[in-house]
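Enquirer: Got chain A sorted already, so can you dock chain B onto it with the hints?
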Amino acid sequence: MTDTASALPEGASERLELGGGSIHVQRGGEGPPLLFLHAAGGAGAWYPFLGLLARRFEVIAPDHPGFGGSDDLPEVEAIDDLVYHYLEVLDRLGLDRVSMVGGSLGGWLAAELAVHSPERVERLVLLGAAGIRVPGNMATDIFLMTPDQVVGVLFKHPEAAAGMFPEEPDVDFILATIRDQAGLARYGWAPYLNNPKLERRLHRVAAPTLVLWADDDRVVPIEHGRIYAERIPDATLQIVEDCGHAMYFERPEAFAAAVTEFLEAGS
Amino acid sequence: MKFVFFHLMPYPYLPDDFDERYASPSLDFPNKHFDPKLGNKLYHRYLDELEYAEKLGFDGIAVNEHHQTAYGLMPSPNIMAAALARRTSRAKVMVLGNAIGIRDHPLRVAEEIAMLDHITDGRVVSGFVRGIGWEYYAHSINPTRSRARFNEAHDLIIKAWTSDEVFEWVSPNYEFRYVNVWPRPLQDPHPPIYIPGAGSTETMRFCAEKRYTYMSVYAPTPVVKRWFDGYRQAANDLGYEPDPEKLGLSIPVYVAETDEQAHAEGRQHIEWLYHKGLKQGLERVMPPGYTSLSSLRGMLSGRGKAPNEYTYEEIIDNGMAVVGSPDTVGERFEALMEELGFGQIIALMGVGDMPHYRTVKSMELFATQVMPALRRRAGEAREIATA
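Chains as they are written, first to last, in numbering that gives the first Met the number 0: chain A, 0 to 266; chain B, 0 to 386.
Since the hints were derived computationally from the structure, they do not count as laboratory data.
Certain hints may be false.
To be verified - With a straight-line Cα cutoff of 20 Å, these simulated DMTMM-like cross-link-like pairs (lysine to aspartate or glutamate) come out:
#1 K36(B) with D47(B)
#2 K304(B) with D169(A)
#3 K304(B) with D147(A)
#4 K304(B) with E167(A)
What the hints assert, rightly or not - Listed next, with one range per pair, are the computed distances between beta-carbon atoms:
#5 P157(A) with V165(B): 56 to 62 Å
#6 S300(B) with G43(A): 19 to 25 Å
#7 R217(A) with R85(B): 49 to 55 Å
Cβ atoms here follow ideal geometry from the backbone N, Cα and C, with glycine treated the same way.
So that you can see chain A by itself, here it is in the shape it has in the complex (with noise of 0.2 Å):
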């Protein structure tokens, strides 16, 4: 690759009427199609992250209903709600089979689709993903947390995050956070971003699957990766250095190049 000083191909967004409503979707870049399931924070944005996978492959990144630039859907009020509404989604788009990436909560809806329809899970990826319950070493609770104590725990050099949040957030700013903070209570309140059905069921898990998770995640352990990657049975447990909770957000690069190289080892 010699090209990464070349601009990032950009997202165009488009909108889907479904169910009770219409949800948002980014789409940029060129290849092999992925599905991109965002994390609590980062609905409708087309971050770096994106346009780096997005010059190797067509990335179709959804706004979950609830967040984002999506419609709050009220058929979809829990996480199995959730799995059927992409399963739709699929369906609506054309994607019989497709490559996901799912970062923390999109990491478990990742893994709840391929558990549900494995066979239309072409590659996986989980970074840093919540879903599974581990009594004793439970995800971090976000939700108590001041704005600023959150930043603190979801990246190793919280500096790293300075310029992604204005320094004096007007109200429509707050709301639409809190917004998506709302969006993930929802799906993960209780209980806490997991299903406690989810490890029993991921030996159905038919693709091959990257756990891909960063060295200081303060808010979904490591263990975490360790039961996926031991009970998903073609998987492979990677972690990358120096990094937070808010992987792609804070090395961008590191957590591209690891996907990218990842999926296209499945071309």
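Expert: Here is chain B on its own, set in the frame of chain A:
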């Protein structure tokens, strides 16, 4: 004019490093700081104060529900109401209220309130609250469902009290195949309902429609005025003028012999309530989804301060507590009645870390010197209004 003596039953013995060390007295302030010997005495002291309030002529004595907190020691307000039921005979025994939003089994509330109605010979008042944000953490109840759970639980309880046939209840958050509450309440059709409001227009309309009593929570007078005006507007929209007694002002009160003495004695206890008891960040009080985005937009645009950001002087100036001599307190309430149009004062008099002797002194001065004057005045105002 009605006077209610309301207790929070705080646990006042906080460690010296509380301010630096703990984000809040609620949710995760460890219970190793609860000394059972001291706590045991507190329950008896606080129940004594509630019983004494009846003797002093208060119309109602009130308790409420909080969990995992030094702010208030009543995870089960119905137990406190039961302890008061047969030790009193005249005052309303008011549960303000049961946090039905966090109950998995709202029928238990229907049953207990119905029992209390009998044990009090029809003196029980049933408040319903959603439960404060931190209680959604404590009970692992999804705050995004709080409003729906509250509404469904309310409808279920009312139907359980008023239906004389066994019925099936199926709603998004609750399913009961056989609802058949024994005993039925004594009051017909059911005990009076009180609902606290904190600015939600949905709540104002809900209370006005059902003709429930709408009570404020601790807030600056102009804010409470917006809430009470909203309730009156909702009632007017429905074509009626609400009785002022359907509006209850909740407020901490301290009365002493003189203004100077009242401030000198009361200050630290008022400060305890606001600066320690109500020390709680937004993430604790309003977890995501607990408050609708439209209500939040109103709150954020108003940019109100958190309770623990008010100085003592601001608390007094903003009408978030009434402190003074009997004359001053009487005048202050007259002015507040004029401005806000309430007919019920829900007075918090065992404020924060106030010792028993001060609580009792303040109660006695309030009951003997403030209440009679305010009753007279409210009666005169009513006569003028009906003349």
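Enquirer: Against each hint, give a clear statement of whether it holds in the structure.
Expert: Hint by hint, here is what the structure shows:
{"no.": "1", "hint": "K36(B) with D47(B)", "verdict": "17 Å, holds"}
{"no.": "2", "hint": "K304(B) with D169(A)", "verdict": "17 Å, holds"}
{"no.": "3", "hint": "K304(B) with D147(A)", "verdict": "19 Å, holds"}
{"no.": "4", "hint": "K304(B) with E167(A)", "verdict": "17 Å, holds"}
{"no.": "5", "hint": "P157(A) with V165(B): 56 to 62 Å", "verdict": "59 Å, holds"}
{"no.": "6", "hint": "S300(B) with G43(A): 19 to 25 Å", "verdict": "23 Å, holds"}
{"no.": "7", "hint": "R217(A) with R85(B): 49 to 55 Å", "verdict": "54 Å, holds"}
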